[in-house]
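Enquirer: Using the sequences and the hints, build the whole thing.
Spelled out from the first residue to the last, the chains are:
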Amino acid sequence: MKLTSETKLFLGIFAVTAVILTIAIVLMTKPAKPIAKEVLLANATHTIGPKDAAVWLVEFSDFQCPACGQFYPVVKQLTEKYKDSLFFAYRNYPLPSHAMAKPAARAAEAANIQGKYWEMHDALFTKQSELSTSFISSEAARLGLNMEQFTQDMQSTTLETSITNDIAVGDAIGISATPTFYLNGKKLELQTIQDLATAVENEFTKIK
Amino acid sequence: MDTKLKSLNRIIFVLSIAGLLMGLYVLQSFLRQTGIVCLSGGGCEAVRKSTLSYPFGIPVPAVGVAGYTFLMVLSFLRTMKNNKGLLWGIFGMGLFGICFVSWFTYTEIFLIKGICMWCGISAINMYVIFGLAVKSLSLTKKA
Numbered sequence: 001m002k003l004t005s006e007t008k009l010f011l012g013i014f015a016v017t018a019v020i021l022t023i024a025i026v027l028m029t030k031p032a033k034p035i036a037k038e039v040l041l042a043n044a045t046h047t048i049g050p051k052d053a054a055v056w057l058v059e060f061s062d063f064q065c066p067a068c069g070q071f072y073p074v075v076k077q078l079t080e081k082y083k084d085s086l087f088f089a090y091r092n093y094p095l096p097s098h099a100m101a102k103p104a105a106r107a108a109e110a111a112n113i114q115g116k117y118w119e120m121h122d123a124l125f126t127k128q129s130e131l132s133t134s135f136i137s138s139e140a141a142r143l144g145l146n147m148e149q150f151t152q153d154m155q156s157t158t159l160e161t162s163i164t165n166d167i168a169v170g171d172a173i174g175i176s177a178t179p180t181f182y183l184n185g186k187k188l189e190l191q192t193i194q195d196l197a198t199a200v201e202n203e204f205t206k207i208k
Numbered sequence: 001m002d003t004k005l006k007s008l009n010r011i012i013f014v015l016s017i018a019g020l021l022m023g024l025y026v027l028q029s030f031l032r033q034t035g036i037v038c039l040s041g042g043g044c045e046a047v048r049k050s051t052l053s054y055p056f057g058i059p060v061p062a063v064g065v066a067g068y069t070f071l072m073v074l075s076f077l078r079t080m081k082n083n084k085g086l087l088w089g090i091f092g093m094g095l096f097g098i099c100f101v102s103w104f105t106y107t108e109i110f111l112i113k114g115i116c117m118w119c120g121i122s123a124i125n126m127y128v129i130f131g132l133a134v135k136s137l138s139l140t141k142k143a
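From first to last, the protein sequence lines stand for chains B and Y.
Going left to right, the first sequence walks through residues 1 to 208 as the numbering used here numbers them.
Going left to right, the second sequence walks through residues 1 to 143 as the numbering used here numbers them.
It is possible that some hints are incorrect.
In silico EDC-like pairs for lysine to aspartate or glutamate, Cα to Cα no more than 20 Å straight-line [to be verified]:
| # | chain 1 | residue 1 | chain 2 | residue 2 |
| --- | --- | --- | --- | --- |
| 1 | Y | K84 | B | E6 |
| 2 | Y | K49 | B | E6 |
| 3 | B | K8 | Y | D2 |
| 4 | Y | K81 | B | E6 |
The hints are simulated quantities; they were obtained by calculation from the structure and are not laboratory data.
Expert: Right, here's the structure in full:
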């Protein structure tokens, strides 16, 4: 069959596209290099466990994101089970589409000033479906926080710095969804919630 | 095929390839459940995670990939055979394409409440292809 010059041109365009596509696939499927601990934990304020632990997990999360809420019990379970050997850092990455995500992050930061960060963090996730301004106030009262100070701290601009720092780190490493987990610097591609526990347990087996 | 028709067919071919590449990128993200690079905030993620993006269990970008592949093949075949049926095929696919992207854009804005940049670009792309198919048909009729 004799090919016309037009057919040849189209085949040429197709071949060039196929080459570009192949290069893109190779680059995209290449396992990403682990991110350094100093980068992932830059200015990280909310951590659990020994800082020098061989296994460290960083979560970029949003208090209003349903998937983050689903992962919460697994994270809690892991931090309790490996409390002496797992270092966990929670980083705020409130998505603009979630109206209550930032106020919730601010509430946790305000609770942190009174030494109740994790208590507020746990309350926000366990009762995520009830998240609202009044819920935040009632939880703060339930936790025995000084309400006058809490309300004042919630308005404080210094609280914003901690959240903005977390977002800046997330943006710098290309976070596009929540929750995003990094285990020993490697981004986890999780298909199911239980995959997180499996990944952490495998990491412990690896270092034994 | 006259020069004008040839040029229009070339543009349809290139736009189909562009649409196919976008579709493949978004489809791999749907299948691997990984993040999508998006300039419209968290819109792409909201769309990817919505059940509305899987009509009859089929990920929306898979429909795009199939449609653009079909358009690409038809415009390629037109370089070998000046068959009016092929042009009608492009028109038909383009018509289905604009109906589909219009429905999905409506779904994104009013039901999912999130806009995926790639879907938006693909919608415009499909409208342009359909416009070019209409123009080609009118030129063929005149000739």
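Enquirer: Between the alpha carbons of K81 (chain Y) and E6 (chain B), is the straight-line distance 20 Å or under?
Expert: 11 Å, holds
Enquirer: Given the hint that K8 (chain B) pairs with D2 (chain Y), test it: the Cα-Cα distance must not exceed 20 Å.
Expert: Holds. K8 (chain B) to D2 (chain Y) sits at ~17 Å (cutoff 20 Å).
Enquirer: Between K84 (chain Y) and E6 (chain B), does the CA-CA distance stay at or below 20 Å?
Expert: 17 Å, holds
Enquirer: Given the proposed pairing of K49 (chain Y) with E6 (chain B), does the C-alpha separation stay at or below 20 Å?
Expert: Status violated; Cα separation ~42 Å.
Of the numbered hints listed earlier, the single one contradicted by the structure is hint 2.
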